[in-house]
Amino acid sequence: MSDYAAAPRPGAFAQALRVAPKVSATLIMLALAAVWLGPIILIVMTSIKSNQAFLAGPFALPTSPTLAPYFSVWASMNFGSLLGNSLLYATVGSALAVLLALVPAFGLSRMEIPGKKIIFALLLTGLMLPQQTVLIPLYDTLRALNLLDTKIGLIIVHGVYGMPAQILILRGFMTTIPREIEKAAYLEGASDFQVFWKVMLPLARPGILVGYTLNFIAIWKEFVFALVFLNNESNFPVTVGMLKLNSDRYMTVFNLPAAGLVISQIPIIILFILTYRQLSGGNFVGAVKG
Amino acid sequence: MPKLLREEQAPAFVAFAREHTFVALFGVALPILVFCTFVGYPIVYTIYLSFFDWNGMTPTKQFIGIANYVTLFHDKYFYVSLVNNFKWLVVTLLFPVTAGFLIAYVMRAKLVYGAAFLRTVVFFPVTMSLVAVGLMFLLILNPVFGAFDDALRAVGLGFLVHEWFGDYHIALYTLAVVSGWAFTGLPMVFYFAGLGDVPKETLDAARIEGAGHFRMMWSVALPQLRPVTAVVVMLTIFESLKAFDLVAVMTKGAPFGTTNVLGYLVYLESFWNSRFGYGATLSVAILVISILLAALVLGRLLRGAFDV
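Line by line, the protein sequences are chains S and F. If you read the first sequence in my numbering, its first letter stands for residue 226, the second for the next number, and so on. If you read the second sequence in my numbering, its first letter stands for residue 1020, the second for the next number, and so on.
Since the hints were made in silico from the structure, they are not lab data. Note that CB positions come from ideal geometry on N, CA and C, so glycine has one too. Treat the hints with caution; some may be incorrect.
Claimed, not checked - Now the stretches of chain S that chain F is said to cover, found in silico as 3 or more residues with beta-carbon under 8 Å:
(1) 260 to 274
(2) 386 to 398
(3) 412 to 422
Make a model of the complete structure from these sequences and hints.
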């Protein structure tokens, strides 16, 4: 921008004023993108470098890209099993959370349930509770039920802890659905269940999808429960399994951990591409605001 | 707040259950049962356990009264962690929340090109696991091969280069800023949606009155966004209290326990030092702090945000 000051032609100042917003708009964009996209690009770049190329420095472009780090880290970290487990926990755990949440959300959005306030207080407790405060008793409970270090045990925990958020999200969505169709159905003599099943569920599908996706991402990211409740490597999700990347074996040349990082994010990137319009558009914000 | 436990409530629920059996069973009874088993009971059990000495293995637990709480109040690491959680909270309120608001504002005010692209880019880290984020920044902030130090030197800011994890003055802030980097997308999305709801007339009126962007943000947008801010602040508080993943991945409390946070201390004491009773005591401390902060925020900020 100093160029403009150095050019005292008539009209140059006016021109500068006209250009300045465009320049600043571009600069702001680049600066922000550099902060949030920069680290990710660097990691992807590192992940396709050979060992020698890595030594040329973090900003050197990968001149002869190679996928070797990916094959190597995939095999030695057993990523197939880790990704499979994460996928299982996220798909089934979220399904359980949504299933548990559907009828409560229906009831809370449509009926005057006595003690509604208490239910909401419980929901908020479940939502805000730091997981660490219940680790020990949950560990104990799972052990008593013979579910410690099992996939099913972790799925149940994920499902239950996803439920409060799902109830709030689904209830928020269901409140926005007009009641006319239901009223007609009730007049025709439909029961609560029939209205829920035949009217509400089909109409609530978009909300269910948003809720399910958010829960999927939450379980995919989850770390504490999996770390504490699982012991056997064959049960580990990606978050726990990839801790091994942080060891001398992998941290000498960064292309291996970088490739591992990219692999661990691929499923979530696919999901993100499919759903980011809904998510980053803030469609769920209204649901949370209730 | 109406009286929660009126006497007619129980009969009212019976009447409701008779009329709406399906909802009463699967919409109220079942979730409450599940909730009590996996959330309510554990909370009560944690409180109970905090009065015992237990290594987690033996079938018997030894009742020791408030001894764990006495230990807690003399535990240096408890105070270090408590202060660290507080610092973490302050960093999170200053960096990602402010940045999220500013980014949302420049996008809504059309001060920036490629808003849709930016929104995607800033939001993406929200979907990453903190384990992945932590590993990523271990690579980027590495003192030998890391890109960040190189970048600082390249733009003449080499004097800022630090041992980001080794220097105990800044290690905790490194973690908090990294967590903020991954968190910014959330406040951004909330504020972006909230700014979209501010009536255009209000903004135009302020514009015509000659308000600059700073005035627009401070005197027009923020007051209108109070409910959004309330939700964001709540989320931030609980994110900060839950801080665990990054500590476990990046520093494990090192150097010298200076990056311990309460959530990590619970884990260390219970599952590494086998002091389950004391771990439960720390959990109770977290619980009490959460409730106090929640009450504070609920009372002051949240009015109207969770209208039920």
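Quiz prompt | Three-residue Cβ test at 8 Å for the coverage of the region 386 to 398 of chain S by chain F | solution = holds (count 4)
Quiz item: Does the region 260 to 274 of chain S contain three or more residues whose Cβ lies closer than 8 Å to a Cβ of chain F?
Solution: Check passed, 8 qualifying residues.
Quiz item: Mind checking, does the region 412 to 422 of chain S have 3 or more residues with a CB under 8 Å from chain F?
Solution: holds (count 4)
Violation of the numbered hints given earlier is absent; every hint is satisfied by the structure.
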